[in-house]
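J.: Given the sequences, and given the hints that come with them, work out the whole structure.
Heads up: the protein sequence lines correspond to chains Z and L, in order.
For the first sequence, the positions run 1 to 469 when the working numbering is used.
For the second sequence, the positions run 1 to 469 when the working numbering is used.
Everything labelled a hint here was simulated from the structure, so no lab data went into it.
All C-beta atoms, glycine included, are put in the ideal place defined by N, C-alpha and C.
A couple of the hints might just be wrong.
Over 12 Å on every C-beta distance to chain Z, these chain L residues come out as not near it, computed from the model [stated by the list, open to error]: (1) S42; (2) I67; (3) S336; (4) S338; (5) F419; (6) E459.
For lysine to aspartate or glutamate, the following EDC-like pairs were computed, each having C-alpha atoms within a straight-line distance of at most 20 Å [unchecked claim]: (7) L:K391 with Z:E395; (8) L:K125 with L:E209; (9) L:K414 with L:D364; (10) L:K391 with L:D428; (11) L:K38 with Z:E239; (12) L:K164 with Z:E209; (13) L:K391 with L:E405; (14) L:K179 with Z:E209; (15) Z:K161 with Z:D80; (16) L:K391 with Z:E238; (17) Z:K417 with Z:D364; (18) L:K446 with Z:E395; (19) Z:K394 with L:E405; (20) Z:K391 with L:E121; (21) L:K40 with Z:D364; (22) L:K93 with L:E121; (23) Z:K179 with L:E209; (24) Z:K320 with L:D345; (25) L:K161 with L:E130; (26) Z:K179 with L:D203; (27) Z:K38 with L:D361; (28) L:K415 with Z:E395; (29) L:K320 with Z:E238; (30) L:K446 with Z:D428; (31) L:K320 with L:D361; (32) L:K284 with Z:E238.
Across the chosen pairs, the derived CB separations fall in these ranges [stated by the list, open to error]: (33) L:E395 with Z:E319: 39 to 45 Å; (34) L:G240 with Z:D203: 44 to 50 Å; (35) Z:S374 with L:Q73: 58 to 64 Å; (36) Z:G237 with L:G380: 26 to 32 Å; (37) L:D283 with Z:K3: 32 to 38 Å; (38) L:D378 with Z:E412: 45 to 51 Å; (39) Z:E425 with L:K284: 42 to 48 Å; (40) Z:E288 with L:E453: 35 to 41 Å.
Protein chains: 2
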Amino acid sequence: MNKTAAIIGGGVIGGGWLARFLLNGWDIKCYDPDPSAKGKISAVLENARHALPMLYDQSLPKEGQLIFCTSLQDAVRNADWVQESVPERLDTKHKVLAEIQTYCRPEAIIGSSTSGFKPSELQQKTLRPEQIMVTHPFNPVYLLPLIEVVPSSMTGSKFIKNAKDMLTSVGFFPLHVRKEIDAHIADRFLEAVWREGLWLIKDGIATTEEIDNAIRYGFGLRWAQMGLFETYRIAGGEEGMAHFISQFGPCLSWPWTKLMDVPDLTDELTQVIADQSDAQSGDKSIRELERLRDNNLIAMMRALKQQGTAAGALINAHEKAMRKPLGDSSLMKTVSRSIPIDWTDYNGHMNEGRYGQIFSDAADAFMIKIGADSSYIDAGNSFFTVETTVKYIKETLAGEKVTVESKVLVSEGKKVKLFHRMQNEVGDVLATCEQFMLHVNLTTRKSCLPLPEVQQRMEALTIVRGENI
Amino acid sequence: MNKTAAIIGGGVIGGGWLARFLLNGWDIKCYDPDPSAKGKISAVLENARHALPMLYDQSLPKEGQLIFCTSLQDAVRNADWVQESVPERLDTKHKVLAEIQTYCRPEAIIGSSTSGFKPSELQQKTLRPEQIMVTHPFNPVYLLPLIEVVPSSMTGSKFIKNAKDMLTSVGFFPLHVRKEIDAHIADRFLEAVWREGLWLIKDGIATTEEIDNAIRYGFGLRWAQMGLFETYRIAGGEEGMAHFISQFGPCLSWPWTKLMDVPDLTDELTQVIADQSDAQSGDKSIRELERLRDNNLIAMMRALKQQGTAAGALINAHEKAMRKPLGDSSLMKTVSRSIPIDWTDYNGHMNEGRYGQIFSDAADAFMIKIGADSSYIDAGNSFFTVETTVKYIKETLAGEKVTVESKVLVSEGKKVKLFHRMQNEVGDVLATCEQFMLHVNLTTRKSCLPLPEVQQRMEALTIVRGENI
Chain Z
1 MNKTAAIIGG GVIGGGWLAR FLLNGWDIKC YDPDPSAKGK ISAVLENARH
51 ALPMLYDQSL PKEGQLIFCT SLQDAVRNAD WVQESVPERL DTKHKVLAEI
101 QTYCRPEAII GSSTSGFKPS ELQQKTLRPE QIMVTHPFNP VYLLPLIEVV
151 PSSMTGSKFI KNAKDMLTSV GFFPLHVRKE IDAHIADRFL EAVWREGLWL
201 IKDGIATTEE IDNAIRYGFG LRWAQMGLFE TYRIAGGEEG MAHFISQFGP
251 CLSWPWTKLM DVPDLTDELT QVIADQSDAQ SGDKSIRELE RLRDNNLIAM
301 MRALKQQGTA AGALINAHEK AMRKPLGDSS LMKTVSRSIP IDWTDYNGHM
351 NEGRYGQIFS DAADAFMIKI GADSSYIDAG NSFFTVETTV KYIKETLAGE
401 KVTVESKVLV SEGKKVKLFH RMQNEVGDVL ATCEQFMLHV NLTTRKSCLP
451 LPEVQQRMEA LTIVRGENI
Chain L
1 MNKTAAIIGG GVIGGGWLAR FLLNGWDIKC YDPDPSAKGK ISAVLENARH
51 ALPMLYDQSL PKEGQLIFCT SLQDAVRNAD WVQESVPERL DTKHKVLAEI
101 QTYCRPEAII GSSTSGFKPS ELQQKTLRPE QIMVTHPFNP VYLLPLIEVV
151 PSSMTGSKFI KNAKDMLTSV GFFPLHVRKE IDAHIADRFL EAVWREGLWL
201 IKDGIATTEE IDNAIRYGFG LRWAQMGLFE TYRIAGGEEG MAHFISQFGP
251 CLSWPWTKLM DVPDLTDELT QVIADQSDAQ SGDKSIRELE RLRDNNLIAM
301 MRALKQQGTA AGALINAHEK AMRKPLGDSS LMKTVSRSIP IDWTDYNGHM
351 NEGRYGQIFS DAADAFMIKI GADSSYIDAG NSFFTVETTV KYIKETLAGE
401 KVTVESKVLV SEGKKVKLFH RMQNEVGDVL ATCEQFMLHV NLTTRKSCLP
451 LPEVQQRMEA LTIVRGENI
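T.: If you want it as structure tokens, here you go:
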């Protein structure tokens, strides 16, 4: 049975939580008394449905059921997870948490999206403090993996463990913050950078656009994959981190920042910033900027996924955890996925090269089925493709969900010929591929016979299934 | 004739400048009295030769000539650009700048890599202050596009313009810092974040690894593509940046950072950081970390390149500026490029899907040659591929430089059949492709005749060149 999440408060953040759970197969009960909440959530959900499936090289679970509730009681009653994302006022949070605890299961996790309050502050005067913790997300919540999980000493350790497991199961990275402090961890950095940015603008040193360029063409690229300390470890060279600190530590006493002061946010300064931001980005609507940001994030995160590093390693692990055996009832189904935005070209459809990639993935999945899996490859055996013929039958578009079915046409000694057929959701055949492969020894890089069990399975499939294409 | 850069000071930063210029076809004269300099530079250059060509979908210019000089005089004498990257002491910088100006051309640009000094400080007591400015790079200099160009009021405006043009021509993004301040722009942010990070470790809130995860799984990904202000513009929603400030401005007065103080870098704190860093990354050598960082950067920047956004837009512009017409002498050469790391698979060679991509690129280049270029496509005409047959003849490896030659086999009305042959540098044929295409109307998505001039060129090529494959 699907797990259920109650989403209490449905702005951009609540909507992001909702989308992440829903698209990972959870049922959702959402409550927000604001009449505009449903519209805001729909907008987030539309972005998320475009973006999240594109991160993966296989399809996500079937979407759960989405119910908008008319009372908080209905929303939280059977929830496994209750996510509170109401405005940042402590009295409001206390009121909502009290109502949640009146109706929710005692074993449910109650996570708060707060960026400003510590869990011990939220837990004041609550019925069951053990089930409450901060679970602080980052926008766009449906794409960025980081959740700061901040318990207090009153939060139950079993609740912490369950929360981390559930977050991981929907593709988040739970960062367990071991000591509660104001603003947790990430926002302390954001706050420091934000203050410095305001000073640079106030003093007329740089505009919003110049600051953004200083970030995204330089250290932003470094931080997206390694963060701060691993980057500086490299700068320290073989002599290590202590050497780096001895070399660069002294700068700390130089007058390099304005951080001792906070600039007054006068109307004048606010206007300067707003005008600069309009000059920088005013030609695009927020909706267009969101789509641009999401497409950039998808493309970069998919690039890291292909490398198996940084945020990409998290996506690979999530994908592996979601992977179901394709099953005997659909013996030859070898691919089930959505087409990502970075696969299309100037003709507005999937580039021909990506068909080759899908059929290559289909062959990989097929080989795993017949036992030519990663341990087979680690032992020095593999199949190399010698010739492929792809027929492009119908245009394939970004976001389309496709499946591939695969068959063996020929299996003779070291020679194999596979046939793949790619279809969309309504059953149109989009393309077919004939793939002629040779079995090789990965050390000598020369062709040789497959190991007997692989060859037997291949031949068995040929006889049973090869008769009609 | 090649331009010449003099590299004065050959550590990681000087070596990065050297590699960037050299791989963009500049001749290099390098001077550093330290006997270990040559080894350090070779290490940087090896990384750069692996990394930089992979950023592009075409080959870089032919490498320039690299000469290690035994005197500063020899190095700077005929240089168009002199880059000073000596240690961060003002008296050392003054001494070196005086010697550079004694021997260099008065019209040469003298850039300093300093992160700490203002240009007016460097210019004190110099012979020709107008040719001196700060050009502050970011490690790895051969990959990251950002250069902070910081002139003082004494720097000549013609020198500033020339410097920006030359930096752009080797793929950098020159960020013109209009008012000189301590630490320029980017390092002010780095300094703020570094201080905050030290406090979090000192207070036992988070380890180096937890901080890095908080950055790279969250805001690091946002900043790599949009920076700070455009990201917050989205958070402000349709109501704009002023709304965002009114909503989040008040946090500035909350006790969210420790930035008023600087922690003492005691031996004990240094040791804590070094130990945490060892626990996080100690299983990898600095060389391995550098390669990991570079591969991640290549993959992410290539992803942005495919989107045509953020740092990827810079690479596309640089690529376009470098593009030479393939020329009548090599009429059918349609691809010349290096194979990037993100194109290989578990068999240790280029994945079969990427052959399709290269041959698709070859067809694009061919079409441009015969007039079916971007304006032809904008007018609603294009060729769609209907069937391809690829023969994989020899394994293709990451880093290999390949070229493709293309011919017309058949051109009959709306039908075209192209033939492509891909070779490596020593002339081995790696793969061939036959590509059957149909001309289409992009509005109706139906086949139709090409425009007459395109059809005529295509048919002319068929007759002249189709006779042997």
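J.: Would you mind marking each hint as holding or not holding in the structure?
T.: Cross-check of the supplied hints:
Interface exclusion of L:S42 from chain Z stands, the closest Cβ pair being 15 Å apart, more than 12 Å. Consistency note on L:I67: stated as away from chain Z, and its beta-carbon is indeed over 12 Å from all of that chain's, at 26 Å minimum. The non-interface label for L:S336 is consistent with chain Z: the shortest C-beta to C-beta separation is roughly 18 Å, beyond 12 Å. Every CB of chain Z lies more than 12 Å from the CB of L:S338, the least distance being 17 Å, so the non-interface label holds.
No Cβ of chain Z comes within 12 Å of the Cβ of L:F419; the nearest lies about 15 Å off, and the non-interface call holds. Residue-level check passed: L:E459 sits 23 Å from the nearest beta carbon of chain Z, beyond 12 Å. For the hint linking L:K391 to Z:E395, the alpha-carbon distance of about 24 Å lies beyond 20 Å, and the restraint is violated. Of the pairs offered as hints, the one joining L:K125 and L:E209 is violated, with about 46 Å between alpha carbons and a cut-off of 20 Å exceeded.
Taking the CA atoms of L:K414 and L:D364, the gap is about 17 Å. The hint holds against a cut of 20 Å. Pair hint L:K391 plus L:D428 holds up; C-alpha atoms about 14 Å apart against a cutoff of 20 Å. Straight-line distance between C-alpha atoms of L:K38 and Z:E239 comes to about 19 Å, which keeps the hinted pair within the 20 Å bound. This hinted pair checks out: L:K164 and Z:E209 have alpha carbons roughly 18 Å apart, not beyond 20 Å.
For the suggested pair L:K391 and L:E405, the alpha carbons sit about 15 Å apart, so the restraint of at most 20 Å is met. Of the pairs offered as hints, the one joining L:K179 and Z:E209 holds, with about 15 Å between alpha carbons and a cut-off of 20 Å not exceeded. Of the supplied pair hints, the one linking Z:K161 and Z:D80 holds, its CA atoms being roughly 14 Å apart against a limit of 20 Å. Taken as a hint, the L:K391 and Z:E238 pair is broken in the structure, with Cα atoms around 46 Å apart against an allowance of 20 Å.
Under the criterion of a C-alpha separation no larger than 20 Å, the hint pairing Z:K417 with Z:D364 is consistent with the structure, at around 14 Å. Between L:K446 and Z:E395, the direct Cα distance comes to roughly 11 Å. Compliance with the 20 Å bound is thereby established for this hinted pair. Annotation: proposed proximity of Z:K394 to L:E405 is violated, straight-line Cα distance about 28 Å (limit 20 Å). With a CA separation close to 67 Å, the supplied pair Z:K391 and L:E121 exceeds the 20 Å bound.
A C-alpha spacing of about 42 Å is found between L:K40 and Z:D364, which places the hinted pair above 20 Å, so the restraint is violated. Simply put, L:K93 and L:E121 have alpha-carbon atoms about 10 Å apart, close enough for the 20 Å limit, and the pair holds. Under the criterion of a C-alpha separation no larger than 20 Å, the hint pairing Z:K179 with L:E209 is consistent with the structure, at around 15 Å. The suggested pairing of Z:K320 with L:D345 holds, with an alpha-carbon distance near 18 Å, which does not exceed 20 Å.
Taking the CA atoms of L:K161 and L:E130, the gap is near 12 Å; set against the 20 Å cutoff, the hint holds. For the hint linking Z:K179 to L:D203, the alpha-carbon distance of about 9 Å falls within 20 Å, and the restraint holds. Pair hint Z:K38 plus L:D361 does not hold up; C-alpha atoms about 45 Å apart against a cutoff of 20 Å. A distance of roughly 18 Å separates the Cα atoms of L:K415 and Z:E395; the hinted pair therefore holds under the 20 Å criterion.
A hinted pair counts as satisfied when its Cα atoms are at most 20 Å apart, and L:K320 with Z:E238 does not qualify at roughly 38 Å. Restraint check for L:K446 and Z:D428: satisfied, since their Cα atoms lie roughly 17 Å apart, inside the 20 Å limit. Distance hint between L:K320 and L:D361 is fulfilled; the C-alpha atoms sit about 15 Å from each other, no more than 20 Å. As the CA atoms of L:K284 and Z:E238 are separated by approximately 11 Å, the hinted pair is consistent with the 20 Å bound.
Our hint of 39 to 45 Å for L:E395 and Z:E319 is violated, since their Cβ atoms are close to 28 Å apart. For L:G240 paired with Z:D203, a C-beta distance near 23 Å fails the hint of 44 to 50 Å. At roughly 59 Å, the beta-carbon separation of Z:S374 and L:Q73 lies within the given 58 to 64 Å, and the hint holds. Between Z:G237 and L:G380 the beta carbon distance is about 56 Å. The supplied range of 26 to 32 Å is therefore violated.
For L:D283 and Z:K3, the Cβ-Cβ distance of about 36 Å falls inside the hinted range of 32 to 38 Å, so the restraint holds. In this structure, L:D378 and Z:E412 meet the distance hint of 45 to 51 Å, their C-beta atoms being roughly 50 Å apart. Range check, Z:E425 to L:K284: Cβ separation about 44 Å, and the 42 to 48 Å hint holds. Remark: the range hint 35 to 41 Å for Z:E288 to L:E453 is upheld by a beta-carbon distance near 37 Å.
Hint check: violations occur at hints 7, 8, 16, 19, 20, 21, 27, 29, 33, 34, 36; the rest are consistent with the structure.
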